[in-house]
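**Q** Residue strings, one per chain:
There are 4 protein chains.
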Amino acid sequence: MSKKLPIGILGATGVVGQRFIQMLEHHPWFEVAWLAASDRSEGKTYSEAARWRLKSAVPANVAAMKVSPATPEGAPKIIFAALDAAIAAELEPRFADAGCAVISNSSALRMQSDVPLVIPEVNAGHIKLIDIQPWHKKSGGYVVTNPNCSAIGLVLALAPLQQRFGLEAVMAVTMQAVSGAGYPGVASLDILGNVIPYIRNEEEKMEEETLKLLGQLNGKQIIPAAFAMSAQCNRVAVEDGHTESISVRLKAKAKPEEIIAAWNNYRSEPQELKLPSAPERPVVYLEANDRPQPRFDVDMGAGMTTTVGRLRPCGVLDWKFTVLSHNTIRGAAGAAVLNAELLQAKGYLGGGHAK
Amino acid sequence: MSKKLPIGILGATGVVGQRFIQMLEHHPWFEVAWLAASDRSEGKTYSEAARWRLKSAVPANVAAMKVSPATPEGAPKIIFAALDAAIAAELEPRFADAGCAVISNSSALRMQSDVPLVIPEVNAGHIKLIDIQPWHKKSGGYVVTNPNCSAIGLVLALAPLQQRFGLEAVMAVTMQAVSGAGYPGVASLDILGNVIPYIRNEEEKMEEETLKLLGQLNGKQIIPAAFAMSAQCNRVAVEDGHTESISVRLKAKAKPEEIIAAWNNYRSEPQELKLPSAPERPVVYLEANDRPQPRFDVDMGAGMTTTVGRLRPCGVLDWKFTVLSHNTIRGAAGAAVLNAELLQAKGYLGGGHAK
Amino acid sequence: MSKKLPIGILGATGVVGQRFIQMLEHHPWFEVAWLAASDRSEGKTYSEAARWRLKSAVPANVAAMKVSPATPEGAPKIIFAALDAAIAAELEPRFADAGCAVISNSSALRMQSDVPLVIPEVNAGHIKLIDIQPWHKKSGGYVVTNPNCSAIGLVLALAPLQQRFGLEAVMAVTMQAVSGAGYPGVASLDILGNVIPYIRNEEEKMEEETLKLLGQLNGKQIIPAAFAMSAQCNRVAVEDGHTESISVRLKAKAKPEEIIAAWNNYRSEPQELKLPSAPERPVVYLEANDRPQPRFDVDMGAGMTTTVGRLRPCGVLDWKFTVLSHNTIRGAAGAAVLNAELLQAKGYLGGGHAK
Amino acid sequence: MSKKLPIGILGATGVVGQRFIQMLEHHPWFEVAWLAASDRSEGKTYSEAARWRLKSAVPANVAAMKVSPATPEGAPKIIFAALDAAIAAELEPRFADAGCAVISNSSALRMQSDVPLVIPEVNAGHIKLIDIQPWHKKSGGYVVTNPNCSAIGLVLALAPLQQRFGLEAVMAVTMQAVSGAGYPGVASLDILGNVIPYIRNEEEKMEEETLKLLGQLNGKQIIPAAFAMSAQCNRVAVEDGHTESISVRLKAKAKPEEIIAAWNNYRSEPQELKLPSAPERPVVYLEANDRPQPRFDVDMGAGMTTTVGRLRPCGVLDWKFTVLSHNTIRGAAGAAVLNAELLQAKGYLGGGHAK
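Protein chains in written order, with the numbering used here: chain B, 604 to 958; chain E, 604 to 958; chain C, 604 to 958; chain A, 604 to 958.
No lab work stands behind these hints, which were simulated from the structure alone. Beta carbons are placed, not taken as given, at the ideal position from N, Cα and C, and that holds for glycine. A portion of the hints provided could be inaccurate.
Unchecked claim - Label pairs and their in silico Cβ distance ranges:
hint : chain 1 : residue 1 : chain 2 : residue 2 : range
1    : C       : ARG803    : E       : LYS658    : 29 to 35 Å
2    : E       : GLU693    : C       : GLN874    : 50 to 56 Å
3    : B       : ASN892    : E       : ASP687    : 17 to 23 Å
4    : E       : ASP687    : C       : ARG654    : 40 to 46 Å
5    : E       : ASP734    : C       : GLU628    : 48 to 54 Å
As the list claims (entries may be wrong) - Taking lysine-lysine pairs in the DSSO-like style, the calculated list, with each CA pair at most 30 Å apart, reads:
hint : chain 1 : residue 1 : chain 2 : residue 2
6    : C       : LYS658    : E       : LYS877
7    : B       : LYS856    : E       : LYS854
8    : E       : LYS607    : E       : LYS680
Claimed, not checked - Sample of chain B residues with no beta-carbon within 10 Å of chain E, all distances over it, derived:
hint : residue
9    : GLY769
10   : ASN867
11   : ASN868
Taking the hints into account, I'd like the entire structure generated from these sequences.
**A** Below is the structure:
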């Protein structure tokens, strides 16, 4: 009998739900045990319900699994959620209230003051907010979230700079992949040979989530980071990988080699804990003058490494550079899986019977 | 017999050379009379020598025209140049020295102190630098240049703001079309499903040309504009049209409706002089929240109008917005043609025998 | 007061509906007077209801027009229909029954034995089927259809060969543009860097419609053409323009120059009648060895000319060649407009009060 | 000390050369020991000379290797060649003459009567032609070739049909990836949003190579297969993977389930010999009605499996279906590596000291 912890997935048929299934296929601690999706999928097998959009095949056991109704009854105690925000706002509290650990990729609750928004390398300590959640007190359930796919690469590139030099201002312009919009998502007639300079709510999320992620836990609340922040979000004809042109002003003087060293040497709790999905190197600086590029670099560290390149002085702020991260792995499913691994390592997933 | 002024084209077979030919096909003042390209094209007809990459057909008279050697002997007195920088550095002075008006799209001489770098709507007065060029004194020849394709859209969007509110800082991140790299230019293996965060020398050109264009003529020299400027240039899988995410800090307070009015009401010398290639409106603000987009907006004003959209406050500087302009029309061939029209209107093309 | 005939459009907000509006903006005989779309558009203005996906702007009068319910009451007597097949099957008979001339781009009724399926250059005589339609006898209304976007380019290329040499077998493999699937249509995640070797029902339509179009009217019925026919349909990452690799076996011996002459000299009733949307040349053979290509040739003849190229012997049948036509102009909206012009010229649009 | 056989690569910096290096990185029998490329690469390290276009990193030992002159002196006795045809025509005989086993992906010598053109699953026996090569008699050297990237997928799909039912006619229309043209290869301005219905010499190669591959060795010569054959080759905006729409006429009656079984059960010498690069299943039939697709299926069997789908009756010949294979793995580098493995297993690589 398997000693792995059973996992349920809310929103299992979508682009991120598929990535959950793919990433959990050979996971040492977790195994997919329950799947839920929208009403029209209910009762079908997963392979009937999902339009699988990944290169690897659907794992056979998952393909044959029946899609359950999206209610806590009968669901496992650990739930990965990849829901649209409006649905998440309703369902995630319901599952938490029923005693589930809801590890969410949805935006609905990210900015709620008692909900941790976590990148394990950056702000693992924020998970202590769980303790003040009313659900937790009542049933042991809780919600932990990971950030928007555009924020996570940026924050992984900023965290070493904040730690080492301090941040005063950050400007980000993104060129985001179509998989970030889910499936069917972006119509081909909208994006072939085109750039769309707008993604609904994305700039707001990127700005406020960045400040919360890089903020400080002060007793029962997060004091957001205080630097100035501005984001402009564009969609481009790329399948996977968000590329970002970044400029920053630092508090302390920095030499370029110090900045690059800060990135390349950045290690953190997931690396120390050897969490299964933690990349050996969370941030890698590429020396070639035309990298990172999504076509060549997006899969580094099995899609969990953020790559950075083109560090050079900025005529307005101090430094500019390019950041790339995989939006459905590091920016979504992988982010949630790593959060779950952190929670398990910290004893939040109930009894340590895994591992 | 035609009363039109005969025009020669240096670099006639390239992407920009082709646009020259297309734009001059029905021009009221100018007509193509002479074509030169690299040695291997010499002696061929144009249709044999050029790999035509535009939708409209090669004009019949041009198709049959022989490609001449790239020397001033036998060339007309008005030369449009679309040469690689290294070749331009050698050939443009030679033609100017021989008495030709060289209206250049090349980067070679743009930043030379006695060479005007001109967008007729923005800094028409800079053409007076012609008078101090040694070539002009000797033979009547001269060189006038237009800016890089990434700078021109930006400067058209900035000029109304500079005029009305003053500029303190400008940050630009570009998403540039592949036609900007000429033909064959960007390999498909490099750009399909990809973003390339690097274009050689492009950021430097964009920064320094912007400041020269928005600078002041002070006697015999240009005093560059004094605002802080930073550019990051990316290549995307778009055929035509450079999209740019811009942030600015203004000197004076501005309301959004004032900024939009400054763009929409911007008219300038080319419009007053009714130059044939001048767009009725050099800058147009689009109200839709997801525009401008290259697929839909790049041809506005026959490719000579710069479109702007998404004005909103910036958390680091004051305002951010998106700019789009057609890189081979407004950003190259059309820019040079409009420069030629300005020169003709100002009496610099020798006698006003056109029109 | 306008002397133009008022036109109603069913399915006005879709990709083909938009092309109708674009093509009718300056039409000499017709003008858009009424628009209908799905329930959720009702009562909105057209510019609110439609997500306009064309480069040219929405005509101002149409932008402000209210979207009407899709019922014959209050609708003009001439209706252009661009509906999904299931809806067309219900609505088109209802409008015909109410006395409307329904000029349809939908597939629902194309193969019905008393409904003309018409390309004016090819089988204009088939419109006589109108006379036997029960609707026509009852109310004067009727339905006339144009073929699927994949069939029309093929049939225009085949008709001159059938006429001159006879056809024994035709094999077609298509590479079809995404606009053929409507909007939102093909998801970008499905087509970026991809080929989809399947379009639902498309091969069946292409095969049977081709035979009906090239068939003979025999009293009250169409005897389909008798040659063998096979189609394979693929979707590719092209915005507009269906490219087709064709092989044919002819009844009579043919020299290549005779085949090319058959195409280039093909003129037909729409050309003789000088119908406003008829291209001067319905079929044009391109001599270059790598043409036609959608990027360069799709707009020939304002999108109404079918281009052909690469004629060469086939090792299995007799000849092979490449065909290209614009799928939303020649293959949809333009096809219907040309049908309407033919009907008007033949007195089927009620009294010739136009022009 | 390594027991692996040292390999030299001619044309090491190109797209196929890079695939050789990638595929040999962990090869159990072979190791890269020598690299040659064009004159301008000579003396540089490989990482300086090559513009690496693959996702995986350059193997460290290869990155540091010096690029040698392309002469047999100092080269290993086993040479993988990925040269342009014109250069191959000169160099490959020179290496064979000097005693090298030249395993070539180039087209230069494929159709020469004493040169084996081999797909190990299909016609392994043809390698006996080596014995009659003059080079072999003189020095022990020889040339063995693999087919064009468009032919190999087709032939793998045809071989089981030929074996089981016999072939009378084959029509192929290809939609080929840009990587098939090498690097820089296809210009992005030529292929974005486009289809190019022409690839130089490709149709001729595809037709004649298919017949040689499926031919019979009769003493000292190959009797080509006798079925009728026609190919039409198109380029599409896909990175890797040639998709082909195929129609065939069979000699014997076949039921669809028999055809599918013929594909799925096809096993051959490389599978029996367990050659390291042989896919477990050379041909796999996909049941989904819209597969194979390059985006999802091209990497099956590590890029060595040919996938087939959409079997259905053809109105002109008997059956039609879609074939997909990876053009730079199965269609180029992998084909040559598998040939080398076959040669080694058959004792043609000198002494069996590998393994």
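**Q** Are the Cα positions of LYS658/C and LYS877/E separated by 30 Å at most?
**A** holds, 26 Å
**Q** GLY769/B: least C-beta distance to chain E exceeds 10 Å?
**A** The claim stands: GLY769/B keeps its Cβ more than 10 Å from every Cβ of chain E (closest is about 16 Å).
**Q** Starting from LYS856/B, check that the Cα of LYS854/E is at most 30 Å away, please.
**A** Roughly 27 Å between the alpha carbons, so the hint for LYS856/B and LYS854/E holds.
**Q** Are LYS607/E and LYS680/E close enough, with their CA atoms no more than 30 Å apart?
**A** holds, 13 Å
**Q** State, for the Cβ atoms of ARG803/C and LYS658/E, whether the hinted interval 29 to 35 Å holds or is violated.
**A** Once the Cβ atoms are compared, 32 Å apart, the range 29 to 35 Å for LYS658/E and ARG803/C holds.
**Q** Please verify that the nearest CB of chain E lies beyond 10 Å from ASN867/B's CB.
**A** holds, 19 Å
**Q** When you take the CB atoms of GLU693/E and GLN874/C, is the distance between them in 50 to 56 Å?
**A** holds, 54 Å
**Q** Classify the label on ASN868/B as holds or violated, using whether its beta-carbon is more than 10 Å from each beta-carbon of chain E.
**A** Holds, because the least Cβ-Cβ distance between ASN868/B and chain E comes to about 23 Å, which exceeds 10 Å.
**Q** Between ASP687/E and ARG654/C, is the Cβ distance one that fits in 40 to 46 Å?
**A** Hint holds: Cβ distance 42 Å, inside 40 to 46 Å.
**Q** Could you see if the CB distance from ASP734/E to GLU628/C stays within 48 to 54 Å?
**A** Since ASP734/E and GLU628/C have Cβ atoms about 49 Å apart, the given range 48 to 54 Å holds.
**Q** Cβ-Cβ distance between ASN892/B and ASP687/E: within 17 to 23 Å?
**A** Given range 17 to 23 Å: holds, Cβ gap about 20 Å.
Checked against the numbered hints listed earlier, the structure breaks none of them; every hint is satisfied.
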